[in-house]
Every structure is written in C-alpha cells, then in structure tokens.
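Visitor: Each chain is listed here by its residues.
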Amino acid sequence: MKEFNVVLAGVGGQGTLLAAQILGTAAIKEGLDVRVSEIHGMAQRGGAVVSTVRMGEKVLAPTVLDGQADALLGFEPLETLRNLKFVSEKTLVIMSDEKIPPTELSIKKMKYPSMEEVIAKIQRFAKNLTVLETARLAKEAGSILTQNVVLIGALAATGKMPVKIESLMEALRELVSAKHLEMNVRAFELGYKYLRDRTRSKRL
Amino acid sequence: MPNSRVLLRDELGKRVLLLGNEAIARGILEAGIGVVTTYPGTPASEIGDSISEIAAEAGLYMEYSINEMVATEVAAGAANCGVRALTAMKHVGINVASDLIMTLAYAGVRGGCVIVTADDPECYSSQNEQDNRFFALFSSLPCLEPSNPQEAKDMTISAVEISEKLELPVLLRTTTRVSHTRGPVVYGKLTKPQLKGRFIKDVKRLVMVPANSRPKHDVFLKKVEEAKETSEKSPYNKVVREGKGRKIGVISSSSAYNYAVEAIDLMGLDASILKLGMTYPLPEKMIGRFLKRHKKIIVIEELEPYLEIQVKAIAKDSAPNIEIYGKMEKPYFAKAGELSTRAALVGIATILGTKLRIAFEKIDAEYADVAKELPSRPPILCAGCPHRASFYLIKKVAGDKAIYPTDIGCYALGIAPPLNVGDIMICMGASIGAAQGISKATSADTVAIIGDSTFFHAGIPGLINAVYNNHKVVLAVLDNLTTAMTGHQPHPGTGVTGMQVPSERIAIEKVAEGCGVRYVKVVDPFKIKDAEVILREALQHQGPSVIVFRAPCVLMAIREKRRKGAEPLIFRIIDKCTNCMACVKLLGCPAIIVENEKVGINEALCTACGLCASVCPYQAIKCGETD
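Sequences listed follow chains A and S, in order. 1 is the number of the first residue of the first sequence in our numbering; add one for each residue after it. 205 is the number of the first residue of the second sequence in our numbering; add one for each residue after it.
Be a bit skeptical, because a hint or two may be false.
Unchecked claim - Label pairs and their computed distance ranges (CB to CB): (1) A:Glu170 to S:Lys442: 33 to 43 Å; (2) S:Pro439 to A:Glu170: 43 to 53 Å; (3) S:Pro706 to A:Lys193: 43 to 53 Å; (4) A:Glu133 to S:Pro621: 31 to 41 Å; (5) S:Lys405 to A:Glu174: 19 to 29 Å.
As the list claims (entries may be wrong) - A few chain S positions that, by computed beta-carbon distances, are all more than 12 Å from chain A: (6) Val389; (7) Pro397; (8) Ile555; (9) Val705; (10) Lys733; (11) Ala824.
It is worth saying that the hints were derived from the structure and are not from the lab. C-beta atoms are modelled at their ideal positions from N, C-alpha and C, and glycine is treated no differently.
Given only the sequences and the hints, what does the whole structure look like? Please build it.
Guide: Written out as structure tokens, the structure reads:
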C-alpha cells in the first residue's frame with residue numbers, strides 16, 4: 001500500500017492538533033505505521049498552523065512532500081490557499097467556509113477575498129474540492145468548537161483514507177473527554193453525511 | 205490536551221501513538237529515573253509537562269527549575285548520589301547550562317545523568333537554530349540522536365546506561381521534528397524509580413580546583429576513548445542498507461535520516477545507507493570501513509556540517525581519494541533552515557546530475573502566483589491578552605521615541621503593528637542589561653520589557669546591576685502569573701511546583717525591593733488611568749524603577765471561567781460608533797474586525813477584557829448592550 005498523506009491547515013486555536021491526533025490514533029488501530037507532525041509554541045498564537053498525518057505500511061518523514069498530499073483539510077479558506085503547494089490534481093480538498101480575517105487585513109484596510117475567488121484558485125491545483133459550512137454543522141452538533149471533527153467526518157466519507165470508521169470512533173472516544181464526546185460524534189456524523197449526500201447528488 | 209496517564213500503563217509490548225517528547229517521558233519511566241528537572245522551552249516542554257502530570261503517581265521527583273543552569277545542577281547533584289536523573293531543555297537552554305556542563309564532564313557522575321537538548325531547525329519557536337551536536341563535540345560528551353519517537357524512548361534508556369558505564373553525563377539531542385512528531389512506540393518494562401542514593405565525599409573527584417581538574421581532564425579523555433568503543437559497538441550506528449553496486453554511500457542521522465531514505469527510495473537510487481544514532485563520539489572505524497567500500501559519499505544532515513567535517517577527517521586516513529559531498533565546499537544541502545525530503549531529493553540529484561521525476565519548479569511557479577496575494581498571518585497576542593493593554597499604555601506614555609528592549613516570551617509579539625513595542629531581543633533576560641547600555645549610550649527613555657517567568661530565569665542579576673550602577677531604566681515586568689508561551693507551566697511566582705503541590709509564592713515586587721530598587725509598583729494593566737499615572741512617575745524617577753503589570757493570561761482566565769460555568773460576557777459596538785477606527789489602529793485585537801468598512805466584534809473571539817471600550821473616544825463599545 002502506498003502511504004496516505006493528510007495536510008491539516010488552519011489558524012492556531014482551531015483544533016488542528018487534535019484532529020491530526022485523531023487521524024493518527026485511528027491509523028495506529030489499523031496496525032499502520034504513522035507519523036504526525038505538529039507545531040507548538042509561539043506559532044500557535046493565532047498564527048497560521050499546519051499539521052500533517054502520514055500513514056502506511058512504512059512511513060519515515062513526518063512532513064509531506066510538495067504536491068503529494070492525498071487530502072488537504074482546510075480549516076479556513078486563506079489557510080487552505082496557503083497550503084496549495086501540497087496539492088495536486090489527485091488531492092481531495094475539503095475546506096471550511098468559515099473565514100477568520102487576519103489582523104493584517106483590518107490594519108492595512110485590505111479585503112478578504114470572496115469565496116468565488118478562493119475556490120477558483122484552489123481549482124487551479126485540485127479537481128476534487130468540497131466546501132463545508134463547518135460552523136453551521138458544528139453548532140448543530142452542539143458547539144462551534146467541533147468544526148475540526150466535522151472536517152474529519154467529511155474526510156472519512158470520501159472512503160479514500162485507509163482507516164475504518166470504527167477506528168476513528170474509537171480514537172474519538174480515547175481523545176475527547178466524556179463530557180464532550182456525544183457532540184463530537186454528532187459533529188463527525190454531520191460532516192460525514194454532508195459529504196456523502198453531496199457526492200451522491202453530483203452523481204445523479 | 206496531553207493525557208500523560210497513558211504513559212503509566214504497565215503493558216509490555218503495547219503499541220501506542222506518542223509524541224516524541226512523550227516517548228522520552230515513557231523512557232524516563234522505563235529507565236527508573238528518579239529525578240527529572242526542566243525549564244520549559246519549545247520544542248522540549250512536553251517532556252517535563254508529561255512527567256509533572258504523573259510524577260507523584262510514578263513515584264519520582266520532578267521540578268520546574270528556575271532556569272536550565274539550575275535544572276542541570278539539580279540533576280547532576282542527584283546523579284552524583286547515584287540516583288538516575290534527567291534534565292530537559294531547548295537548544296538555547298544548553299547555553300545557559302554550559303558553564304556547569306563543560307566542567308561536569310571532568311567531575312563526572314555516578315548515577316545515569318541525561319541532558320536532553322531539543323534543537324529547533326527553522327526557528328519554529330526560537331531565536332536561533334544553533335546545532336547542539338557541536339556542543340557534544342565541544343564538551344566531548346557522548347551524544348545520542350533519535351530520528352523518531354520509538355528511538356527517542358529507546359535512546360533515553362540507552363543514554364542512562366551509557367552514562368552509568370562511562371560515569372559521564374550524556375546528551376540526548378532531538379529536533380522539533382522528533383520531539384513534535386507523533387509515531388508508534390512499543391512499550392517496554394517499567395522500572396521502579398530509585399529516589400534515594402548516597403553522596404560519597406571525594407574531594408579529588410568532585411571539587412574542581414586546578415590541582416584536581418588537571419588530573420581529572422586526563423581521566424576524562426580516557427573515558428572519551430572508551431566512549432569511542434561504545435560508539436563502534438552501538439546498535440544505533442549501523443549500515444541499514446547495502447547498495448548492490450556499492451558505488452554510492454549515504455551517511456545520515458536524526459530527522460535528516462528520514463528525508464534521506466525517502467529521497468533515495470523516490471529516486472530508486474542504488475545506494476548504501478549508514479545511519480548514525482550515536483553521533484559523539486563517532487564510530488570512526490565503522491565509518492572508515494564504509495568509506496573504503498564506496499566511491500562517492502553523500503552526507504545528508506540538518507543545519508551545520510557536523511558529520512561532514514568529521515567524515516572528511518576520517519577519510520584522510522581511510523579513503524583519501526573518495527569523493528564526499530555535503531554542504532561544505534558546495535552547498536548541495538543548506539546550512540540554514542529545516543531539511544526536507546524535497547531538499548534531500550534536489551541535493552542528491554544535483555550531486556549525481558540526474559533529473560527529478562517531480563517537477564518542483566512547476567509547483568513553485570503556480571504556488572507563487574497564489575502566495576503573492578495572500579495576507580500574512582503571523583502569531584499575535586490573543587484577544588483579551590493583558591500584554592496588549594500593557595503595551596498600549598507603555599506606548600501611550602513613553603511614546604515612539606523611547607527605546608524598548610524586550611525579552612523571550614509571548615510579549616515578544618508586541619513587535620507587531622499597531623503596538624510596535626520591542627526594539628531589541630536577543631535571549632532570556634537580555635532586556636534588562638541591554639536597556640542599561642542603551643540608556644548610557646543615548647538620552648532616550650528606556651523601558652525594558654520582561655515576562656514573569658523570564659524575570660525569575662535570568663532577570664534578577666541584570667536588575668541588581670541596574671541598582672548597583674544606578675542606571676536610569678524602567679523595567680516593565682508583564683506578569684501574567686504563568687509561563688504562557690510554552691504551555692502554562694508554573695514558576696516561583698505562582699506558588700505551585702512541578703509536583704503540583706503548593707509552595708512559597710515569590711512576589712516579583714518583593715524581589716525588586718530586595719534588590720534595592722527604590723521605585724516599585726504593581727498595576728492592573730486594564731485599569732488604564734491608574735497605571736498611566738504610575739508609568740509617568742516611573743519615567744521621571746532617577747535610577748532604576750520596576751512596574752509589575754499583573755493580570756492573568758487570558759487563556760488561563762477563560763479556562764477558569766468555563767470551569768466555574770460563568771456566562772461569557774459580550775461587548776458590542778453601539779450606534780454612537782463613528783467608524784473612527786481608533787480601536788483598530790491602537791490595539792490590533794483579533795476580535796475587532798472590519799467588514800464592509802464597518803467595525804465589529806467577533807463574539808467567538810472576544811473575551812470581554814474591555815480594553816477597546818476604554819480606548820474608544822466615543823464610548824461606543826459597551827458590555828452586553830445591543831443596538
């Protein structure tokens with residue numbers, strides 16, 4: 001089996017680290033080799049952050065080579081653009097439409113690009129793009145803080161990742177506190193269902 | 205987020221996903237280490253933090269020491285009683301501890317003593333990217349370099365064993381991509397830590413006066429020779445792949461090894477690979493034999509040409525005609541920044557004159573087109589961070605002409621616009637000393653900025669110097685009651701220890717008074733009017749003055765509020781707003797947003813600190829009110 005590479009791009013505080021850990025833990029349960037790269041410390045303070053998860057029979061480097069992501073989970077539109085160098089035609093791009101304007105925009109009086117512009121840019125790199133209203137789905141699940149798990153649900157629904165849903169659920173149970181587990185499971189299901197339904201409607 | 209209880213499980217053979225630093229913590233438990241010390245610093249912090257969470261249950265002693273020097277002294281003291289000890293720090297922490305380490309090498313240890321240095325290629329969260337393998341070469345202390353979390357655990361245990369065998373402290377050098385990579389780790393047996401040993405009085409061995417140091421230097425050099433034999437036999441130094449044609453040999457270690465092997469495999473290159481895990485002393489004979497059976501050697505390593513220099517020296521005797529490629533004569537690989545599979549691929553292809561299958565130039569060109577329009581998103585002070593209030597005040601009172609030496613911590617983010625506070629920052633504690641030089645050499649007002657944990661770490665000698673030599677400087681201690689940047693570790697000002705038990709709380713203002721500072725005040729940075737008066741007084745004071753800006757880190761405060769179940773307050777912008785943009789221009793708070801040229805507040809980010817309300821000239825920002 002070739003390895004499966006996921007790039008998770010977002011803003012510090014959005015839960016990319018937990019999302020990466022959930023994917024890595026699920027892969028371990030499948031008996032796969034795994035590397036998860038994380039950035040801690042100063043970079044986390046509201047700055048752009050990237051985590052990567054690589055799984056397969058044998059994986060060495062924790063980071064993903066340019067153009068070699070199998071999936072890019074974009075937690076924020078601008079951060080999705082910032083990581084397009086990992087993307088090629090084969091990459092599944094799953095992106096939240098929740099904008100977090102960088103402070104630089106306010107100070108320099110610049111405008112956040114429109115969703116159409118963002119999508120057009122992504123489509124220059126990738127053929128397979130799904131945009132999710134993660135904030136709405138997460139709120140429906142019970143908390144705005146579950147957007148990261150909505151995205152994981154959507155990734156699982158592609159069926160491309162070499163990890164069973166049961167393993168992802170088990171990872172969720174291990175890593176999320178009992179108090180918040182139920183809403184996270186709901187968030188996963190909402191993300192999963194959203195992508196599945198969309199894929200179906202496309203086929204019709 | 206860290207769930208360190210997983211580390212305590214006595215499940216031999218269990219395969220668990222661990223962060224490299226957690227793997228070192230597991231190694232600590234498997235090695236039966238009794239004393240663990242640290243000063244937090246990225247990328248080393250989770251070693252101490254994991255142990256702090258479970259120390260009492262695991263039955264070992266852990267402390268957050270005041271700085272890396274003291275941390276190493278405590279560990280070395282325990283190790284000289286025969287208790288196994290480990291101290292962990294970021295790469296620049298070794299600079300602080302170096303005075304001890306260089307001579308501890310002569311004195312030696314009796315119980316295993318491991319010094320973890322976590323290097324940070326690419327400066328993800330550091331002021332430099334020094335390569336501490338040279339510290340091993342400089343001090344001649346044995347050095348192990350893991351390439352993944354499993355090795356990080358295994359080498360922690362091996363480092364203890366080597367240390368006890370040679371009676372020397374041993375360096376365990378990781379990088380960000382080892383410490384902050386999660387990977388599978390197979391659990392070994394837990395060992396009950398031994399907490400008490402015996403101090404054997406032996407002046408000749410332990411008191412490094414010249415008469416003792418001279419003979420001890422010879423003893424030390426003999427141990428280094430012994431360490432060379434250990435390195436020759438080390439299971440961490442091995443030829444992991446023998447090429448068929450035996451033309452090309454690759455030598456690598458640490459994180460670089462992963463990129464090297466991936467690059468070789470992607471290229472389908474027929475090459476032998478020598479992986480080095482014990483990188484001081486190097487296994488010279490093993491390397492010599494490897495050189496002899498190849499025609500071309502490629503050394504792939506991150507940062508400095510540490511291996512390359514030594515491999516070339518070995519080649520002089522064993523294979524003088526061999527071609528050796530790396531980063532010395534020609535920069536096939538860069539000395540600065542992080543290595544990557546891409547950098548390894550490009551370097552190897554350039555050396556061999558082959559063409560790469562992946563068209564990186566095409567990816568670069570397309571990406572550059574997207575990137576040029578992207579606004580940057582550097583790390584910033586959090587919404588509600590008390591440092592923003594302090595900086596706003598300091599800037600308002602002392603102005604643009606004042607000079608602001610700053611220090612290591614979250615508050616270094618004060619350099620971002622619109623606050624722009626921070627004119628020189630070099631290393632821990634340097635703000636205070638630099639301010640004194642600047643104040644002597646200019647007539648400008650000088651306001652040094654330092655955090656609470658950094659003040660305890662390295663600020664106090666500088667402050668005493670200011671009093672003793674009567675320098676007219678203002679020291680602003682931004683006291684957020686925690687070591688925030690590295691993950692909210694306690695410090696002497698918090699009254700809690702690494703064992704998570706209460707202790708004497710040391711007040712910064714008392715320390716300053718004790719150092720002889722005549723003007724010492726404590727202010728709440730959110731009470732802007734009161735703080736302003738005090739800051740003006742301090743600037744007029746002849747001689748050094750200290751103002752402690754005290755308010756808890758907002759991340760901690762929010763967590764506390766959530767735990768108590770308090771309803772979050774919300775600030776809103778009311779009709780009176782004229783869109784003058786003062787709040788945007790003065791504060792740069794991420795919760796203040798401009799949409800369709802109108803100011804608004806992002807309710808998800810707002811922490812209700814009220815700073816924007818106090819700076820609004822039209823009183824147009826109110827708590828809880830709607831339009």
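Visitor: Work down the list of hints and note, for each, if the structure agrees.
Guide: Cross-check of the supplied hints:
1. Evaluation of the 33 to 43 Å hint for glutamate 170 of chain A and lysine 442 of chain S yields a pass: the beta carbon distance comes to about 36 Å.
2. Restraint check, proline 439 of chain S to glutamate 170 of chain A: a C-beta distance of roughly 34 Å breaks the suggested window 43 to 53 Å.
3. Look at proline 706 of chain S against lysine 193 of chain A: about 49 Å separates their beta carbons, and that is inside 43 to 53 Å.
4. The given range of 31 to 41 Å is respected by glutamate 133 of chain A and proline 621 of chain S, whose C-beta atoms sit roughly 33 Å from each other.
5. Roughly 51 Å separates the CB atoms of lysine 405 of chain S and glutamate 174 of chain A, a value that falls outside the hinted 19 to 29 Å.
6. With a cut of 12 Å on Cβ distances, valine 389 of chain S falls inside the contact zone with chain A, its closest approach being about 10 Å.
7. For proline 397 of chain S, the non-interface assignment is confirmed: its Cβ lies about 27 Å from the closest Cβ of chain A, beyond the 12 Å cut-off.
8. A cut-off of 12 Å between C-beta atoms confirms that isoleucine 555 of chain S is not in contact with chain A; the least separation is 19 Å.
9. The beta carbon of valine 705 of chain S sits about 25 Å from the closest Cβ of chain A, which is more than 12 Å, so the claim that it is off the interface holds.
10. Every CB of chain A lies more than 12 Å from the CB of lysine 733 of chain S, the least distance being 26 Å, so the non-interface label holds.
11. At roughly 17 Å, the least C-beta separation between alanine 824 of chain S and chain A is larger than 12 Å, which holds for a residue marked as non-interface.
Against the hints set out earlier in the document, violations occur for numbers 2, 5 and 6.
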